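Asker: Starting from two chains that each stand alone, build the complex the way the hints lay out.
In order, the protein sequence lines correspond to chains F and P.
If you read the first sequence in our numbering, its first letter stands for residue 1, the second for the next number, and so on.
If you read the second sequence in our numbering, its first letter stands for residue 1, the second for the next number, and so on.
For the record, the hints were derived by calculation from the structure and aren't laboratory data.
Predicted model only: the values in this text are computed from it and were never measured.
Treat the hints with care, as some may be off.
With a straight-line Cα cutoff of 30 Å, these simulated DSBU-like cross-link-like pairs (lysine-lysine) come out [said to hold, decoys possible]:
1) F:Lys134 - F:Lys224
2) F:Lys250 - F:Lys134
3) P:Lys271 - F:Lys423
4) P:Lys408 - P:Lys102
5) P:Lys102 - F:Lys211
6) P:Lys271 - P:Lys73
7) F:Lys134 - F:Lys211
8) F:Lys423 - F:Lys378
9) F:Lys64 - P:Lys279
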Amino acid sequence: MARIPTYRGPFGSGEARRLLWRAGFGPRPGEADRVAQLGLDRAVRALTHPASRRLTGPRPTDGKGRPLAPRDAWGHDHCWWLDRMVRSEAPLVERMTLVWHDWFATSKSGGATQTQMLRQNALLRRHALGSFEKLALDVTRDPAMLLWLNGTSNNRWDVNENYARELQELFTLGAGRGYSERDVRQMARALTGFRNDWSEGIGPHRFRYDKAFHDRGVKRIYGKRGRHDWRDAVRLAVRHRRHPSFLVAKLWGYFIPTPPPRDTARALERLYLRSGRRVRPLLDAILRHPHLYDPARRMAKPPVVQAAGMLRAVGRGIDTEGWAWMCSQAGQMLFEPPNVAGWDDRRWLDTATFRARWHMATEICNPARLEPDAVSGKVPSDPAQLVARAMAFWGNTPLSAPTRAALERYARAALATADERWKRSTYPVLTENALRMLIGVSPDYLTS
Amino acid sequence: MSHDTTICCAEHARAGAGLPAIERGMPTPAGTGLSRRSFMLKSAGLAMAVYGAGTLARLPVFEEGIARAAGRKDSVLVTVFLDGGADSLSILAPTGDAQYRKLRPNLALRGGGKPFAEDRRLMWHPAAAPIAALHAEGKVSVLPAVGYAHPDQSHFVSRHFWEVGALDAQLRSGWLGRLLDRIGTPDNPLQGVSLGGSLGPSLAAARMPVAAVDAPEDFGFWAPGAWGPPGDLAIPAFAEVGRALAGSRDPAMAQAGQAAAFAGSVRASLKPFGDEHGKPTYTPRAAYPNSQPDPFPRRLAGLAAMLAGGLPIRCATLNAPGAWDTHAEQASALRDNLTLTADSLYAFQRDLEARGIADRVLTLVWSEFGRRAAENGSGTDHGAAGIGFLVGTRAAGRMVGEFPGLGKLDPQGNLRATSDFRGLYASLCADWFGVDPAAVLPGAARLWRPKVVR
Chain F
1 MARIPTYRGP FGSGEARRLL WRAGFGPRPG EADRVAQLGL DRAVRALTHP ASRRLTGPRP
61 TDGKGRPLAP RDAWGHDHCW WLDRMVRSEA PLVERMTLVW HDWFATSKSG GATQTQMLRQ
121 NALLRRHALG SFEKLALDVT RDPAMLLWLN GTSNNRWDVN ENYARELQEL FTLGAGRGYS
181 ERDVRQMARA LTGFRNDWSE GIGPHRFRYD KAFHDRGVKR IYGKRGRHDW RDAVRLAVRH
241 RRHPSFLVAK LWGYFIPTPP PRDTARALER LYLRSGRRVR PLLDAILRHP HLYDPARRMA
301 KPPVVQAAGM LRAVGRGIDT EGWAWMCSQA GQMLFEPPNV AGWDDRRWLD TATFRARWHM
361 ATEICNPARL EPDAVSGKVP SDPAQLVARA MAFWGNTPLS APTRAALERY ARAALATADE
421 RWKRSTYPVL TENALRMLIG VSPDYLTS
Chain P
1 MSHDTTICCA EHARAGAGLP AIERGMPTPA GTGLSRRSFM LKSAGLAMAV YGAGTLARLP
61 VFEEGIARAA GRKDSVLVTV FLDGGADSLS ILAPTGDAQY RKLRPNLALR GGGKPFAEDR
121 RLMWHPAAAP IAALHAEGKV SVLPAVGYAH PDQSHFVSRH FWEVGALDAQ LRSGWLGRLL
181 DRIGTPDNPL QGVSLGGSLG PSLAAARMPV AAVDAPEDFG FWAPGAWGPP GDLAIPAFAE
241 VGRALAGSRD PAMAQAGQAA AFAGSVRASL KPFGDEHGKP TYTPRAAYPN SQPDPFPRRL
301 AGLAAMLAGG LPIRCATLNA PGAWDTHAEQ ASALRDNLTL TADSLYAFQR DLEARGIADR
361 VLTLVWSEFG RRAAENGSGT DHGAAGIGFL VGTRAAGRMV GEFPGLGKLD PQGNLRATSD
421 FRGLYASLCA DWFGVDPAAV LPGAARLWRP KVVR
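Same shape as in the complex, but just chain P (with noise of 0.2 Å):
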């Protein structure tokens, strides 16, 4: 949606007009190095203290959150979901498999990839390549065909299993909301961040703050027809009238009053990251595809430059672009949502050790279930097992679970899976957060953990 980024930037960049030059008698920002208007734009924080914070009481607890917990240097797991239901065998495609062209007279890949070095049966779709060269440096784990017993072909069941990392319709709190129940604190919302335009069901539910962001860059908040102390004040009052509201027993009165709340701190924490247009005021150390309108790339950058600007997050989660839910057309829609897709990651993965972070951020690449093995015309249908790749430095680099080969398919037509999400879960528990599993994912104890973690 480029008209978004266009009519909104366009929009944004009037956030100052109700401003007016320096008003008679109003204290100048000593000794900040800034104009007064991007005084007060960028740092209300401040500009509470200079206006009477006496009067409106503390500094946000939020932000005081944040700020006790930036700079540390803890481990990141980042999410990248691809939804709708990525055909694996495409991405990973089994051309060395008898069954394949037989499956997939229209859909086969025939060649011009790489081939995949743990399985000589398998060759990388040829957008895959900027992964297939990560792997070859040793940072991808990749899963072949993972998933779980007794497969729902549902999106949103089987989306939903993933999100709760548990094989329970009911269950409503995320798997990494409980895992930030362990590791977060009370007073951080950025600990769990969906860089999106809202949060991440895999987040949600948890007893701590999480927040989404849209663009880290453009977090700005303007009062028409208030400027001065009305106008700088009015912003923090928002998140206190959200903190008045956010215990109340009402569900959708405390979630409004969070997502007031919250939000201020957040507003806060990005003031660094963008100007008083919403541009971005960090370089990436990488280059990130030019692909208007997407903003998977942006967003990507923008974790990085949060990451290292000290931001103290620990789950991010993102959606990859495009839509993966490929019943018709498959071959165009998946090569596009591929190229971009692998060529961000890459990018995302540079920029990391440009950063000199790459060491404690690890990358999850998942999807709700793969595709049926045999095509519908020039399509495929909803499947069970399907791919999944851990990216980063501290990735084992080694496969989970072979190829189950399309000579075995279960009574569906689909593929077997051959590792199990929540056994994946649970080694990223344990090897990567250090925590116990049992106290995020149930019936932990009769998984089996891969060793994904370096």
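Here chain F stands alone, though its shape is the one from the complex (with noise of 0.2 Å):
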């Protein structure tokens, strides 16, 4: 039996780096020389097996020192995830998190109050490294995904298709494989049975099953009959022979640019199933595959990991609401997924998205920036060691040699400017600034 391969090069700060990138929302200052100490099964153990889930730091604020409304407040609730995200103790508990609202990717421009998307944030952190079939049932009958993908409106009179086929094709089992037209049909009349109230001031509430809704006729699902209900449309789908390779293969994705190979595929497959379709033994074989450690498998950052990212690094909390508009136009309003497919990972940067990830970094080095008269004549007029400044502002994050040729081309560009006295102090400061405003919208920090 194919045994999954282990990262076995050296493990320094660099593949540290890329562990927190991709596991979690990157490194805290120093972080990633602490963590290359673990050594990698450590390094890995502590973000599955995480023995804290405490958030550490400031707490969130709106911009105008009040603490914020996530129940109520337009973007607040975006903010309140964002927090989480830079001061969880547990980054990979949060990054699953933000898979699976990925993977049953919910809006709540479906109807759902901010108070149920947040239900539905719990619920998923609850499930974020465990059972998959638990987790599925839960979302199956989780009020913010009835009424997005119309699980109310779904009655034994009016039967709605929609979440039936949205559990198999993205949920559980991939388009067009191993279900047919008939078993959506099917497996809608199934999924009948919820309900809900609605009233002015109140909006959606008291969503509940009642019998009375569900239809109890015999169904055929995957040429199995029986009287089935929601909890066996669920099971029968998590459990269909053709869901671990779908499973398996998403959640690889998430991590590695690339697809498993073959072998692996199928070890993770059988680990799966053998673990009773847990999580936990997945993540922990990804994020030790040599894959997750190749140089040349770059992944670009996601808009909030990215955010959550530039926050740890400068040691700064979320202190205005202007996160949620800033992630919104880089492409990634949390709680706002742009379908029920969620967010395209291969599509992040185009030109639009680029200049709002300009703003984030703009956001993070307006309140830092050296100012000429405080910090004159103490910042260097060399071009390489400007660059080795702004890096240091990032948490000495590395560049590629073409990245700092650039960059050092630009501040030498900018110096030879300085055609006076007060230039020749002042200009270094300008350019220390803006080298950080470049090395923060680099492609090498735009991916890790």
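Answerer: In structure tokens:
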């Protein structure tokens, strides 16, 4: 039986950095070196078996010094979760919560209140590293999901196919893999029975399962006849023989940009089944796989990962609600994925979203900018030294040779315009400020 | 997201905040007629020449490419996506079909719309009246049942087919991307542009550069704490860094590099369209609906101005407002979406006409599928054939494929397709862009090509 390979190369701060960006939200200052000291196995174990789930660091505020109002105020739900990404001592739990938000992509545009979205968020976090079957069952009856995919519009009189289709296509099996249009329609019948009330002022509430709304007839799903209900429907999908390969390939894709080798995929599928469809053993294996540490397999950082990571790098917390629109412009407003398939991880960066990443870097750099009057004379006027200082601002994030060279060219050109004495002392400071921005939006820093 | 716009623009208004008043000893921008600040914000290209372009090397190559291609009178295709599967049986309602009210006891339209002149069984949704008016002028080709054989009822699979222009789940390049490979140039990212927050997949994966622009009037950059030459030079420098990595063998690195490189050139081209606060400097020549917070009409107005301004755009993609996946509460959602979409498209067409460029622009309105003929209560589930429009003074103005009727649904209870979207694409390649469809669409030789362009 094929074993799952484990990375055996050196585990230095570069590898630790890669791990922290992929499995969490990047390193805090000095964290990459500390994690490198642990070695690969202990570093991964610390992520998959977090000793603490506490939040450390300053509490989030809205920009006017007030606490966030995530249940009520626009964008505060987004900022509330982003704060957890910045401050959690269990980054993989937050990262997996984000994975499940993308996987079971639910948008508040479906009519759920922010309170209902936050409850779903707690549900996803509760199951973050646990059993996929339990997660799928709980998601199916979650009010935000019931609204989003019309679960409470689906009853024995008016069968609504929305959830049945996406449960199979997007959540458990994959498009056209092992089910037919007939299975979609039969499964929709099995899923009938949920309902809710609606009233002016409160909106949708009192979500419940009502047997009187359920179609109790016989259904035939994947050839199995029975008086299936919603639990049977979810279990049939999760226990379908083609589900493990779907889950492994999709989960792997969140951490490594190229598909798993065939043997590795098969071994992971067996591991998944052996563990009772639990996710944690898979994460243990994926995070130690050699491909995760391959320098030539970089991934674009999702916008919220980038935002949280920049804040962590400079030791700042959420102190403005502006992070909601900045992430939105970059293409990732939490609780508002573009559709039920979630965000498209292959398309994070284009000219429009690049400009949004520039805005994010601006938000980090502006309050920390060096003022010529304060630091004049303490800033070197050597291009390479200025680049190194700007890298230090971002926690000594490494840069490729072409990027470094282009930055030094810029610094040289900028310094060369200083044709008076006041400029010769001022321009190095301004150049260092600009270099921080240029590093913050460099291809090296936008990917990991 | 009205909040986006308000906070964003308030934020952007700070864009000049880091700049000093005129610094001692700085060169004055002679003869520009601009204040120092707007000169610096709006013309980094010129500023470079002033502040030592010699040191930082040439004007970025993409700006040259855009400048060279600008001002030509090329044909343009605009695509508007009704995301989610628009219900063709409401937009062009078969009120004269005996089955209609049986299948749609709650949702069937009863009247109030104009009859469709080419098939008296059909009636325009009242909210589609602006499209009906353009149709009456001979400027709309209607595809009442467009789709493909063996329809897939997955949003994502069917949408992918339309985006790549083939029934191929593995194909990665978009059909417009491959079209641009034939007619585009390697130094003009604006030739394929998505007016939106991100790049439309039908444009993606071309060999040629393409771009996404959320709002043409608001594409400025500002580096905090870096004014004067170090600040001005920093803006072209981000594109320089991007260019250094744009050819990277690592796909993620290359994507990031290209995004930066193309953003630099797009920024330069869009400078005339907005002021330093990101407000439009152009005036629409037609009355667009006022629809805060939805950006659709504003984006169409910006596109018309960009085309009239001579920007070398060949293909532009947009998403129509709203979600068209109406599994529940269809009547109100569809009415609202359709009202804003049709009003905006009407204004866009009038804007193009007033600017004298209508003869080189066609607008294709599409959706990934239509919806199930039978309703499910207050909504409809996924269907097969749906509706398409080709709008423009050069549209042939004649229906493509007939309405198949509700008496002969497919075994899934869905409308049968009477035209194939790939045939429509092939006609646009050949008759609008003068490109052999075989170079863009797999199996093009076997496709029936309807006459859609006059």
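Asker: Quick one, are Lys134 of chain F and Lys224 of chain F close enough, alpha carbons at most 30 Å?
Answerer: 22 Å, holds
Asker: Is the hinted pair Lys408 of chain P and Lys102 of chain P satisfied, with a Cα-Cα distance of at most 30 Å?
Answerer: 14 Å, holds
Asker: Holds or violated: are the alpha carbons of Lys134 of chain F and Lys211 of chain F at most 30 Å from each other?
Answerer: 22 Å, holds
Asker: Going straight from one Cα to the other, do Lys423 of chain F and Lys378 of chain F come out at no more than 30 Å?
Answerer: 14 Å, holds
Asker: Going straight from one Cα to the other, do Lys64 of chain F and Lys279 of chain P come out at no more than 30 Å?
Answerer: Measuring from Cα to Cα gives roughly 27 Å; hence the hint holds.
Asker: Do the alpha carbons of Lys102 of chain P and Lys211 of chain F lie within 30 Å of each other, as the hint requires?
Answerer: Within the cut-off at roughly 29 Å; holds.
Asker: Take the C-alpha atoms of Lys271 of chain P and Lys423 of chain F, compute the straight-line distance between them, and say whether it is at most 30 Å.
Answerer: Roughly 28 Å between the alpha carbons, so the hint for Lys271 of chain P and Lys423 of chain F holds.
Asker: Is Lys271 of chain P within 30 Å of Lys73 of chain P, Cα to Cα?
Answerer: 21 Å, holds
Asker: Would the hint linking Lys250 of chain F and Lys134 of chain F be met if the CA-CA limit is 30 Å?
Answerer: Holds - the C-alpha atoms of Lys134 of chain F and Lys250 of chain F are around 18 Å apart, at most 30 Å.
Of the numbered hints stated above, none is contradicted by the structure.
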